[in-house]
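For the protein sequence lines, the chains are Z and G, in the order given.
Going by our numbering, the first residue of the first sequence is number 3, and it counts up by one from there.
Going by our numbering, the first residue of the second sequence is number 3, and it counts up by one from there.
Among the hints, a few may not be true.
Since the list can't tell identical chains apart, any single copy or any two copies may satisfy a pair.
[As the list claims (entries may be wrong)] Here are the computed lysine-lysine pairs in the BS3-like style, where the Cα-Cα straight-line distance is at most 30 Å:
hint: 1; residue 1: Lys273; residue 2: Lys330
hint: 2; residue 1: Lys60; residue 2: Lys330
hint: 3; residue 1: Lys26; residue 2: Lys126
hint: 4; residue 1: Lys139; residue 2: Lys126
hint: 5; residue 1: Lys139; residue 2: Lys30
hint: 6; residue 1: Lys60; residue 2: Lys126
hint: 7; residue 1: Lys126; residue 2: Lys30
hint: 8; residue 1: Lys26; residue 2: Lys139
FYI, nobody ran anything at the bench for these hints, they're computed from the structure.
There are 2 protein chains.
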Amino acid sequence: MTEQTTGVTAASGFRAAATTAGIKPSGKPDLALVVNEGPEYTAAAVFTRNKVFASPVKYTRAHNDGTFRAVILNSGNANACNGAQGDRDAEATAAAVGEALGVPASEVAVCSTGLIGDTLPMDKLLAGVATVTTAVKEPSAGSREAGLAAATAIMTTDTVVKQAVYHGDGWTLGGMGKGVGMMAPSLATMLVVLTTDAHVDDPAPYLNSAAEVTFDCIDIDGSTSTNDTVILMANGASGVTPSEGEFRDAVHQVCLDLARQLQGDAEGVTKRVTVTVTGTATDGDAKTAARVLGRDNLFKCAMFGSDPNWGRTLAAVGMAPVPMDAEKISVSFNGHPVCVDATGAPGARDVDLSGPDIDVHVDLGTGGPGHATVWTTDLSHEYVHINSAYSS
Amino acid sequence: MTEQTTGVTAASGFRAAATTAGIKPSGKPDLALVVNEGPEYTAAAVFTRNKVFASPVKYTRAHNDGTFRAVILNSGNANACNGAQGDRDAEATAAAVGEALGVPASEVAVCSTGLIGDTLPMDKLLAGVATVTTAVKEPSAGSREAGLAAATAIMTTDTVVKQAVYHGDGWTLGGMGKGVGMMAPSLATMLVVLTTDAHVDDPAPYLNSAAEVTFDCIDIDGSTSTNDTVILMANGASGVTPSEGEFRDAVHQVCLDLARQLQGDAEGVTKRVTVTVTGTATDGDAKTAARVLGRDNLFKCAMFGSDPNWGRTLAAVGMAPVPMDAEKISVSFNGHPVCVDATGAPGARDVDLSGPDIDVHVDLGTGGPGHATVWTTDLSHEYVHINSAYSS
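Excised from the complex, chain Z in its bound form (with noise of 0.2 Å):
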């Protein structure tokens, strides 16, 4: 029996394991398994838009047909642009991982994060794959310490573990996530493992529709990823069909809930800025203006300032390339009007930003229902100092 606790081994039926295989030169954990005991092995992924994608990706892309057994994920190496021999390690981890466990290599799902263009170091992975498909088979293995153990391997320069619950009548669903940095339009780069109970004939539409709303939102720093992973698997061991509504809403809380914690965790952040457009015809019209937003350096370095500076909101959503009016733009921060009509409103200069969260509210005065919401942050010294320092 699982205990009523967060992380991918909430769930029944999950197990997991973890271990330091020596892919990391720090020495920490950087090898996870997810074990999925069934009934069931239905599956449903999502991945990186990338053009330039992962080896990981490409076997576990090619492999998303429903169903999926296990994912085994390693840090410390993405196992992106290594040619041939990238893909041949991807495939070599499955192979090894589904042997182990008894289960054909095409529903074992691969995941890397770290530096890119060092090709795996084979040995140690593979020595790592028998440690912790061996462990996956002790009784501790689906205990929440096993959950959080995976949840710690996958990290690169994550502070925090992320994880997150929901629990419904008889059934959970739980999840644990990765990502720092590197976060952009089409997910962040982030690697999350969401594991259920509950009986899904086809999550494939519950993940997609949640991950849109999602880690789709955030915006970090404008950069995507080549390893962005996302899977969902479910094995229907609580007997549980959950309504469509349900299940819809418990993705969607539990993808939030991992994507507000990589926002509050991306590099360097010290404020967590919300964005969201309106008055645009459509909500992708919104969308795409608040990413402009959300990416502008000067804008976020003002937030990082704690300065109210709606003139250069106004200066980088005058570059979306959306229908807007500019002269009636009006923009808000944290509640307080600062800008109506394009023009500054009183005691705008003097709003007050200095917490950790800000929330900037920008209406693009063409009248339409246009709505969107994007996660960003500030862009500080930390930022510049992670990333000019850390080879990643």
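Given chain Z, work out where chain G should sit, using these hints.
Okay, now just chain G, sitting in the frame of chain Z:
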């Protein structure tokens, strides 16, 4: 007789003056005037493509019909996002200059740069206009020093004066510019004034084509100003009509010189990074991809850290919305191949990027003839410092 030197007074028949009107809290010079004494008054101008544009841009664009006799430029206040009051202030500025010089207000171009969203202190500005319109009639207003004073008075966070010159056979083209941040897709946050004593029937095509391959290729931070303006005035005072080819080359050369000065003085720059993309179907595709890379914060942080991180280069260009052959992408840094066919090259991690200039060449592998270059910078602590501490 104008001295053979650089700047807006290098060409015969152009005068300049500057003063401290008191617009800048720092008490530094903040108002400049450039006057064309004729005998001809042909002119051309290009402006920001931002949908949110400042009142001086609105005014000057409305009167951009081939003739300008003077340009009045203030720093310290952008006169942007000030609604109808801003429009009236720009008009009043042109009117005051026109009246003092005895020329139509419609032949006076107005440029502003500085903080967005504060109305101009018109009492101070108009007193300053009285000063510079008087000073510009003095004999010294044609001197090198007068041009230098004008170039100094348009600086904001610029750390160096930016001037350039081309000496033809009996004629001259000179210019000044300012710009340090908010440098992006079409023009930088820049004000540029070019003056020539050549006879040119219509300078617009020359200015447009030169701007497209110079100022329009600077992309420091993906941000585009509300105030960008480049103006070229020609007076025929030399009596020389250069060939089309020579005049095209001269405008290109002076714009290029100023553009590289803008890049070199960009906020917080420690590295000048030249991004060249080839192997696309079209030049436009190459420019799009070069911009995507040039704006990628992770790439820019790696440049700051002198880190030959070609993996981030691939991850960034992989998101460019242009056709590419992702398995045939090649990258070189400073002429050293670091990635061939999307796989690391031997010695890639050891390439020395410690110097102040870094050349990045990315071939997107389609075999097409597309080619483009974009000039960007690294992303440094100083950029964050300047833009979080300075309300601009």
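How the hints compare with the structure:
When the C-alpha separation of Lys273 and Lys330 is checked against a cutoff of 30 Å, the pair qualifies only within one copy, where the shortest distance is 28 Å, while the shortest distance between copies is 39 Å. For a Cα distance limit of 30 Å, the shortest separation of Lys60 from Lys330 across copies, 16 Å, qualifies, whereas the shortest one inside one copy, 46 Å, does not. Taking the shortest alpha-carbon separations for Lys26 and Lys126, only the intra-copy value of 10 Å comes in at or below 30 Å, while the best inter-copy value is 62 Å. Within a single copy, Lys139 and Lys126 get their C-alpha atoms as close as 21 Å, which meets the 30 Å cut-off; across copies the closest is 80 Å, which misses it.
In this homomeric assembly, Lys139 and Lys30 come within 30 Å of each other (Cα to Cα) only inside a single copy, at 23 Å, whereas the closest approach across copies is 74 Å. Proximity of Lys60 to Lys126 under the C-alpha cut-off of 30 Å is restricted to the intra-copy arrangement: shortest distance 22 Å within a copy versus 64 Å between copies. Taking CA atoms no more than 30 Å apart as the test, Lys126 paired with Lys30 passes inside one copy only; the shortest distance there is 14 Å, against 63 Å between copies. Only within a single protomer do Lys26 and Lys139 lie at most 30 Å apart by alpha-carbon distance; the minimum there is 25 Å, versus 71 Å between protomers.
Of the numbered hints listed earlier, not one is contradicted by the structure.
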